[in-house]
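Student: With mature numbering (1 follows the signal peptide of the UniProt record, and there is no 0) applied, the sequence shown covers -19 to -1, 1 to 142.
What the hints contain is simulated information worked out from the structure, not anything from laboratory work. Even glycine gets a Cβ: it sits at the ideal position worked out from N, Cα and C. Honestly, I wouldn't trust all of these hints.
What the hints assert, rightly or not - PhoX-like, lysine-lysine: derived pairs with alpha carbons at most 25 Å apart:
no.	residue 1	residue 2
1	Lys39	Lys78
2	Lys92	Lys2
3	Lys92	Lys40
4	Lys115	Lys101
5	Lys78	Lys17
6	Lys2	Lys61
7	Lys61	Lys39
8	Lys59	Lys24
9	Lys133	Lys101
10	Lys43	Lys15
11	Lys101	Lys40
12	Lys61	Lys115
13	Lys43	Lys78
14	Lys24	Lys40
15	Lys17	Lys40
16	Lys2	Lys24
17	Lys17	Lys43
18	Lys24	Lys133
19	Lys115	Lys24
20	Lys2	Lys78
21	Lys115	Lys59
22	Lys15	Lys61
To be verified - Simulated DEER-style distance windows between Cβ atoms:
no.	residue 1	residue 2	range
23	Val125	Thr41	38 to 44 Å
24	Thr22	Ile45	16 to 22 Å
25	Asn134	Leu76	29 to 35 Å
26	Glu141	Lys39	20 to 26 Å
27	Asn11	Val84	32 to 38 Å
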Amino acid sequence: MKKWGLILLLLVSAQVVSAHKFYVSLTQINYNSKTKSIEVTLKLFTDDLELSTTNFSKKTVKIINAEDSDVEIANYIKDKFSISINNKVQVLNYLGKEMENDVSWCYLEIKNVTDIQSIKINNRIFTEQFPDQKNLIHLNVNGVEESAVLTKNTTTFLIEL
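Go ahead and model the full structure; you've got the sequences and the hints to work with.
Tutor: What follows is the structure, encoded as structure tokens:
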């Protein structure tokens, strides 16, 4: 009887663990010295992006095979994500997205970047939807590599170069 109880407990525990969803995004930020630009790649779960973009834009956004969703995605990202260089907020150019299984890759760029003394990342993506959201940041600027985990309570990451 103990054996069946243990098996049942393991099965229930496995279901609870598999039913629990984790909330994480990944942002890669690279400085391209050849083009004098900051290249940003966001890896976001598509269902989270659809939900957050729909709530933000107040209209239903379906990302899969929908190019018209780019405007809503760009507006959402620009509201929730920013980069300041030398204490000046930069203009983010949304380049587009790619789909891979349940993940959306979103691409942004900041042009005409020359002298970087400091860079500040503000990332609030999905934190309005998911209190446990973790936004991982990986930064590579002029050979300096840094990483951070941003949350609802800690939304900024500053690097002095």
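Student: All the hints need checking, so say for each whether the structure fits it.
Tutor: So, going through the hints one by one against the coordinates:
At most 25 Å may separate the alpha-carbon atoms for a hinted pair to count; lysine 39 and lysine 78 meet this at roughly 21 Å. In summary, the hint linking lysine 92 to lysine 2 is not supported, as the alpha carbons are separated by about 36 Å, beyond the 25 Å threshold. As the CA atoms of lysine 92 and lysine 40 are separated by approximately 31 Å, the hinted pair breaks the 25 Å bound. Proximity of lysine 115 to lysine 101 is assessed by CA-CA distance (about 17 Å); at most 25 Å being required, the pair is judged to hold.
The hinted pair formed by lysine 78 and lysine 17 meets the criterion: a straight-line CA distance of about 22 Å does not exceed 25 Å. The suggested pairing of lysine 2 with lysine 61 holds, with an alpha-carbon distance near 22 Å, which does not exceed 25 Å. About 16 Å separates the Cα atoms of lysine 61 and lysine 39, which keeps this hinted pair within 25 Å; it holds. Distance check on the hinted pair: lysine 59 and lysine 24 sit about 15 Å apart at the alpha-carbon level, within 25 Å; holds.
Our distance criterion of 25 Å between C-alpha atoms is met by lysine 133 and lysine 101, whose separation comes to about 16 Å. Between lysine 43 and lysine 15 the alpha-carbon distance is near 36 Å, which puts this suggested pair outside the 25 Å criterion. The hinted pair formed by lysine 101 and lysine 40 fails the criterion: a straight-line CA distance of about 31 Å is larger than 25 Å. Between the alpha carbons of lysine 61 and lysine 115 the distance comes to roughly 14 Å, so the proposed pair stays at or under 25 Å and holds.
Restraint check for lysine 43 and lysine 78: satisfied, since their Cα atoms lie roughly 13 Å apart, inside the 25 Å limit. Simply put, lysine 24 and lysine 40 have alpha-carbon atoms about 23 Å apart, close enough for the 25 Å limit, and the pair holds. Note on lysine 17 and lysine 40: the hinted pairing is violated, with a Cα-Cα distance of about 36 Å set against a maximum of 25 Å. Of the pairs offered as hints, the one joining lysine 2 and lysine 24 holds, with about 16 Å between alpha carbons and a cut-off of 25 Å not exceeded.
Our distance criterion of 25 Å between C-alpha atoms is broken by lysine 17 and lysine 43, whose separation comes to about 34 Å. Restraint check for lysine 24 and lysine 133: satisfied, since their Cα atoms lie roughly 18 Å apart, inside the 25 Å limit. As the CA atoms of lysine 115 and lysine 24 are separated by approximately 12 Å, the hinted pair is consistent with the 25 Å bound. Distance hint between lysine 2 and lysine 78 is fulfilled; the C-alpha atoms sit about 23 Å from each other, no more than 25 Å.
Restraint check for lysine 115 and lysine 59: satisfied, since their Cα atoms lie roughly 18 Å apart, inside the 25 Å limit. Distance restraint check for lysine 15 and lysine 61: the Cα-Cα separation of roughly 28 Å exceeds the 25 Å cut-off, and the hinted pair is therefore not satisfied. Evaluation of the 38 to 44 Å hint for valine 125 and threonine 41 yields a pass: the beta carbon distance comes to about 42 Å. Distance hint for threonine 22 and isoleucine 45: a CB-CB separation of about 19 Å, consistent with the stated range 16 to 22 Å.
Asparagine 134 and leucine 76 have their C-beta atoms about 30 Å apart, which keeps the hinted 29 to 35 Å range intact. The hint said 20 to 26 Å for the Cβ distance between glutamate 141 and lysine 39, and at roughly 39 Å that hint is violated. The hint said 32 to 38 Å for the Cβ distance between asparagine 11 and valine 84, and at roughly 19 Å that hint is violated.
In this structure, the earlier hints numbered 2, 3, 10, 11, 15, 17, 22, 26, 27 are contradicted, and the remaining ones agree with it.
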